[in-house]
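Chemist: Residues per chain are reported as follows:
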Amino acid sequence: MLQSFDKPATAPANPRAEWMALLARAPLPLLEQGLADHTQSTPQWLRRPETGLMMVQGRVGGAGEKFNLGEMTVTRCALRLAPAAPAPATPDPALNDTPVGVAYVMGRNHRHAQLAAVADALLQSPAEWPVLEQRLLAPLRAHVQAGQTRRHAQAQTTKVDFLTVAREASGGDEEETS
Amino acid sequence: MNAQSMQSMVAGFDNEAFGSQAVFRVALQALSHPGQIITMPMDAQLPQHGHGAAALLLLGLLDADTTVWMSESLANSDAAAWLRFHTGCPCVSDPHEAQFLWLAHGQALNWPALASLRQGSDAYPDQSATCVIEVQSLQTSAPAWVLQGPGIATQQTLQVQGLAADFQAQWADNHGRFPQGVDVFLATPTQVVGLPRTTRILNSQEA
Chain P
1 MLQSFDKPAT APANPRAEWM ALLARAPLPL LEQGLADHTQ STPQWLRRPE TGLMMVQGRV
61 GGAGEKFNLG EMTVTRCALR LAPAAPAPAT PDPALNDTPV GVAYVMGRNH RHAQLAAVAD
121 ALLQSPAEWP VLEQRLLAPL RAHVQAGQTR RHAQAQTTKV DFLTVAREAS GGDEEETS
Chain V
1 MNAQSMQSMV AGFDNEAFGS QAVFRVALQA LSHPGQIITM PMDAQLPQHG HGAAALLLLG
61 LLDADTTVWM SESLANSDAA AWLRFHTGCP CVSDPHEAQF LWLAHGQALN WPALASLRQG
121 SDAYPDQSAT CVIEVQSLQT SAPAWVLQGP GIATQQTLQV QGLAADFQAQ WADNHGRFPQ
181 GVDVFLATPT QVVGLPRTTR ILNSQEA
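Protein chains in written order, with our numbering: chain P, 1 to 178; chain V, 1 to 207.
Honestly, the hints are just simulated from the structure, not real lab data. Treat each hint with caution, since some may be false.
DEER-style ranges, computed between Cβ atoms [what the hints assert, rightly or not]: (1) P:Val131 with V:Cys91: 38 to 44 Å; (2) V:Gly88 with P:Leu28: 26 to 32 Å; (3) V:Gln7 with P:Ala21: 19 to 25 Å.
Covered by chain V, per the in silico footprint, the following chain P stretches (three or more residues, Cβ under 8 Å) [as the list claims (entries may be wrong)]: (4) 99-108; (5) 135-145.
Every residue gets a Cβ at the ideal spot worked out from N, C-alpha and C, and that includes glycine.
Pulled out of the complex, with its shape left as it was, chain P reads as follows:
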């Protein structure tokens, strides 16, 4: 999937895609803070955090031919939240309806991947969403926005406006010919 990093996506089609993108860019302290007591829970791992390389592709101007930009380090994991109450263990784990969370984050921080997956799982439950939206996603959006604004301001200082001085319509020509 090709996505512009700096500009907001044209259509915020899928709310889950939006929050997964936010969680992937989140700094760890904000995640720890926003998830509060959920950070201590022990999840059931579907896939333990693992680090690997992914090829990042780009298009010039977002429209040209695809090219390989380079590889980046990615850590991914998938987990199922531990049931709220340790009620009689479900004999069949497939019948367990606690949500599954998935995370793909940049870098090698396994803790970051785990917390992002926990947040993803929690956000899927309608009961938890409003709380986390306010406590976690809003600060994350502000953080990402602030980073973009800062980078934009930095880039603006290097901007050069090329001015073309239009020649006088007739006077110049006459001087050259005389």
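Position chain V relative to chain P; hints supplied.
Modeler: Structure of chain V alone, referenced to chain P:
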């Protein structure tokens, strides 16, 4: 993979390194002693569909470079999603292209013929398909088949229930194509038997 199949996903090996090594050991043991029934160590969570031993065998053997074909009831079940999630193996729609095949129990009529699968070539016999076939039961006490060939000192008896009716004819044909031909694993929910292409299957009366 959609959100629905992700929701019913279960974990793979309890310990990835030890689990896959144990499966590899079982696969080697099974192919080097054809006809011997080997119990699969069940150190993993399994999908609801498919026989456990077959699922584990493929979980240990497959990776992102091996193509797999599954018979219809498996391909549309949680077993396919589980295998794809944990191994990253590409599923193909044509059994003749697949390097591994997983044939579901009780659907012998829909199984592709062994002769139609990848046979390898004389120069590269290793490029042939490996078939994991689910069967109902495996026994060595009731001598329906007598197996002979490399890896068997004198002879090995085996009774299999749940195979296609013409399997023995297909196998004779497969054996005759050596060094080409496919290798087969027969799997119950907990056990595995290896049938490499070098093994001859005789009826107990013939032996």
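Chemist: If you check each hint against the structure, which ones fail?
Modeler: Violated hint: only 5; rest satisfied.
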